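Chemist: Chains A and B, in that order, are what the protein sequence lines are. With full-length UniProt numbering, the residue at position 1 of the first sequence is 1, and numbering never jumps. With full-length UniProt numbering, the residue at position 69 of the second sequence is 69, and numbering never jumps.
To be clear, the hints were calculated from the coordinates, so they are not data collected in a lab. Please note that the accuracy of each hint is not assured.
Examples of chain B residues toward chain A, derived with CB under 7 Å [stated by the list, open to error]:
| # | residue |
| --- | --- |
| 1 | G130 |
| 2 | D145 |
| 3 | L147 |
| 4 | A190 |
| 5 | A194 |
| 6 | V198 |
| 7 | L242 |
| 8 | L250 |
| 9 | G252 |
| 10 | A298 |
Computed spacing ranges between beta-carbons, pair by pair [as the list claims (entries may be wrong)]:
| # | chain 1 | residue 1 | chain 2 | residue 2 | range |
| --- | --- | --- | --- | --- | --- |
| 11 | B | P385 | A | N260 | 46 to 56 Å |
| 12 | A | N260 | B | T75 | 57 to 67 Å |
| 13 | A | H28 | B | Q272 | 34 to 44 Å |
| 14 | A | R270 | B | Q272 | 20 to 30 Å |
Quick caveat, the model's predicted, so the values are computed rather than measured. Where a beta carbon is used, it is the ideal one built from N, C-alpha and C, also for glycine.
Number of protein chains: 2
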Amino acid sequence: MSTSQSHSVSGAVLPGHQLVLGPDAPLHLDCGEDLAPVTIAYQTYGRLNADKSNAILICHALTGDHYVADIHPITGKPGWWQELVGPGRILDTDRYFLICSNVLGGCMGTTGPADINPATGKPWGVTFPGITIADMVRAQVRLVDHLGIDQLFSVIGGSMGGMQVLEWAVRYPHRVFTAIPIASAARHSAQNIAFGEVGRQAVIADPDWCQGDYLLHGKRPQNGLAVARMAAHITYLSEAALHRKFGRNLQGRKLTYGFNADFQVESYLRHQGSSFVDRFDANSYLYITRAMDYFDLAADHGGVLANAFRGTKVRFCVISFTSDWLFPTRESRAVVHALNAVAANVSFVEVESDKGHDAFLLDEPEFHATLYGFLEGAAEHRGLPRAGW
Amino acid sequence: MSTSQSHSVSGAVLPGHQLVLGPDAPLHLDCGEDLAPVTIAYQTYGRLNADKSNAILICHALTGDHYVADIHPITGKPGWWQELVGPGRILDTDRYFLICSNVLGGCMGTTGPADINPATGKPWGVTFPGITIADMVRAQVRLVDHLGIDQLFSVIGGSMGGMQVLEWAVRYPHRVFTAIPIASAARHSAQNIAFGEVGRQAVIADPDWCQGDYLLHGKRPQNGLAVARMAAHITYLSEAALHRKFGRNLQGRKLTYGFNADFQVESYLRHQGSSFVDRFDANSYLYITRAMDYFDLAADHGGVLANAFRGTKVRFCVISFTSDWLFPTRESRAVVHALNAVAANVSFVEVESDKGHDAFLLDEPEFHATLYGFLEGAAEHRGLPRAGW
């Protein structure tokens with residue numbers, strides 16, 4: 001374990017912890033390659049109790065990172081689940097020990113395509129090995145091992161984070177007491193893959209992508225990555241939310257009959273695109289969207305999702321949102337049906353919300369009440385006192 | 001009226017008719033400018049009857065054109081409504097005289113940004129005036145005048161074509177006997193505008209766009225336009241249709257852990273993108289999507305859609321498709337509610353289909369039966385014999 005500081009692609013110093021897996025302990029990947037060294041950047045909140053039974057692993061989404069409840073070192077904004085984390089909050093730091101690591105392939109401290117390939121002394125770029133959700137989880141397992149934790153009290157995450165939760169529950173069921181996949185799915189749908197491909201092609205079409213070697217040429221495919229982000233961002237919101245926030249409101253007083261951002265929704269999307277490129281690496285975007293496309297839990301179990309969960313003792317809480325059209329409720333329901341088919345312990349709540357996929361990041365009282373209730377019950381069952389140590 | 005041949009951006013000879021509006025009869029546009037000369041490229045099918053009462057104007061969608069029922073001069077594919085047009089078919093050429101013109105701003109013969117600005121001798125590019133759906137309809141009115149038709153038996157179209165239908169019915173109600181807007185809306189929603197903006201930014205981000213002057217530099221922003229088309233194409237299909245057609249099927253035997261098109265849906269989308277750029281002009285794409293964004297019938301009538309239709313004698317048939325999420329049924333229903341509020345004559349059918357927005361271009365028996373029934377009834381009411389002349 002190293003305590004040296006790491007830096008983001010944009011040069012910002014990245015606070016937090018690091019675990020380095022050396023050449024003697026490489027990470028074996030689904031593609032067949034062994035990767036080493038691997039740095040895993042992570043944050044923790046709260047304290048691990050004496051019997052190490054109060055740890056919750058938080059899994060972040062595609063463009064998230066491990067700054068769950070800190071000021072983000074690049075954007076200066078609050079952590080993405082800041083509201084949930086703290087003393088007396090739902091993810092109660094007086095009771096639980098929270099862990100979140102930047103995913104493998106990411107660009108916020110954990111090894112990814114923007115890092116130097118020690119074999120060549122140059123950035124990996126697209127010579128970085130292809131990664132999967134299972135690979136991301138393998139890295140997390142190594143971190144949990146390093147922290148000396150046999151069983152996580154909970155693994156929780158939304159969207160791609162939920163895929164990691166499901167992967168944990170299926171591959172390492174004895175190491176997970178409860179699993180909380182939110183706004184997620186057991187596989188990427190054809191439409192999900194299609195949107196992923198649009199984003200990748202937007203990046204690849206940018207000449208500044210330089211066949212993936214932009215860092216070597218001192219460039220960055222900012223325009224392409226911004227377009228990718230704009231397209232993706234639409235899928236994170238519901239039509240109702242866009243209508244409520246922006247409708248057809250104009251930026252100025254009247255139409256310009258040109259291609260400036262006449263409508264507020266255009267200006268908003270452009271801002272989403274341009275601010276994203278300051279904090280995210282384009283090749284990381286390619287690799288991580290690809291990992292999501294490849295995710296298909298049933299495929300690894302003879303095409304029958306229920307087989308993935310057979311005999312599980314994990315307690316599941318599956319949560320979806322009514323207006324989420326990227327990971328619609330039917331995908332969560334497919335997971336619940338599979339769990340029911342093997343008589344697993346599962347709660348399922350479809351939260352009424354018009355905020356779309358991003359609802360899991362927003363202040364949604366019914367969602368928060370569901371999380372709180374499930375965690376309270378599980379903590380009691382697990383014998384976790386209100387103060388966890 | 002000229003009979004000279006015109007050419008597409010790609011150099012193909014374009015068959016069909018042309019009407020040229022000379023400098024003595026410019027087209028007055030919503031933006032305040034007068035445009036001349038204006039060429040209107042159009043096709044007709046069937047014969048106009050003696051009292052000129054059997055004409056149907058077909059309005060095409062964003063990337064459509066006037067080759068409704070001919071082999072397309074660039075792609076070599078059948079016309080986009082080929083199945084509906086012909087003797088004894090729903091748009092019966094023994095009974096009706098069908099007209100379809102390429103929209104103003106288009107790239108298949110009607111004046112658009114790829115044409116030469118006579119004042120400079122150079123392609124218009126982004127100096128072409130901003131256009132609206134109302135401007136497109138103004139050009140169509142001139143064509144209908146030229147053909148000596150006082151009242152169209154019907155104006156029909158899907159998607160952006162449906163916007164033109166509504167515009168006709170509102171601005172020229174005495175010149176329209178029936179109006180059939182399909183899979184359309186009385187305004188572009190915030191989500192529609194957002195998707196439009198992603199497409200435009202994809203084009204504009206391509207360095208080969210050259211600030212709009214690509215033709216002057218012998219270039220074309222093919223990568224950007226392909227990405228725009230890919231993103232748009234996803235919105236034309238339902239999730240169910242993508243799942244049925246492609247699911248998670250692979251192109252090859254196994255995953256490559258790279259960025260090739262591993263999945264069939266990726267390969268399909270890439271093909272949609274790359275084939276589109278052969279037949280469409282990038283600046284036309286910018287101008288026409290912008291025209292759709294600007295469309296808002298209610299805004300021109302004090303924000304109350306019903307006011308747009310007050311006193312109308314037009315008979316409406318409004319059609320939507322259950323799985324169309326780009327122009328969902330609620331948008332059609334808003335039109336129907338407005339028509340009902342002014343006691344207009346309106347039929348409304350929501351066709352059960354899992355094919356998404358593109359259902360209006362596909363073989364959908366219930367849709368076709370609806371069209372047939374409505375046209376039969378209206379033709380009888382109008383006193384059109386089965387053979388129209």
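Chemist: Look at each hint and say if it fits the structure.
Modeler: Hints, verified against the model:
1. G130: Holds - the Cβ of G130(B) comes within 7 Å of chain A, reaching about 3 Å at its closest.
2. D145: violated, 25 Å
3. L147: violated, 29 Å
4. A190: holds, 4 Å
5. A194: Where the cut-off is 7 Å and the nearest Cβ of chain A is about 5 Å from A194(B), the hint holds.
6. V198: With Cβ-Cβ at 5 Å, under 7 Å, it holds.
7. L242: holds, 4 Å
8. L250: violated, 10 Å
9. G252: Hint on G252(B): violated, closest Cβ of chain A at ~14 Å, above 7 Å.
10. A298: At about 10 Å, which exceeds the 7 Å cut-off, the nearest Cβ of chain A leaves the hint on A298(B) violated.
11. P385(B) with N260(A): 46 to 56 Å: holds, 53 Å
12. N260(A) with T75(B): 57 to 67 Å: Taking Cβ atoms as reference, N260(A) and T75(B) lie about 33 Å apart, which means the hint is violated.
13. H28(A) with Q272(B): 34 to 44 Å: holds, 38 Å
14. R270(A) with Q272(B): 20 to 30 Å: Taking Cβ atoms as reference, R270(A) and Q272(B) lie about 25 Å apart, which means the hint holds.
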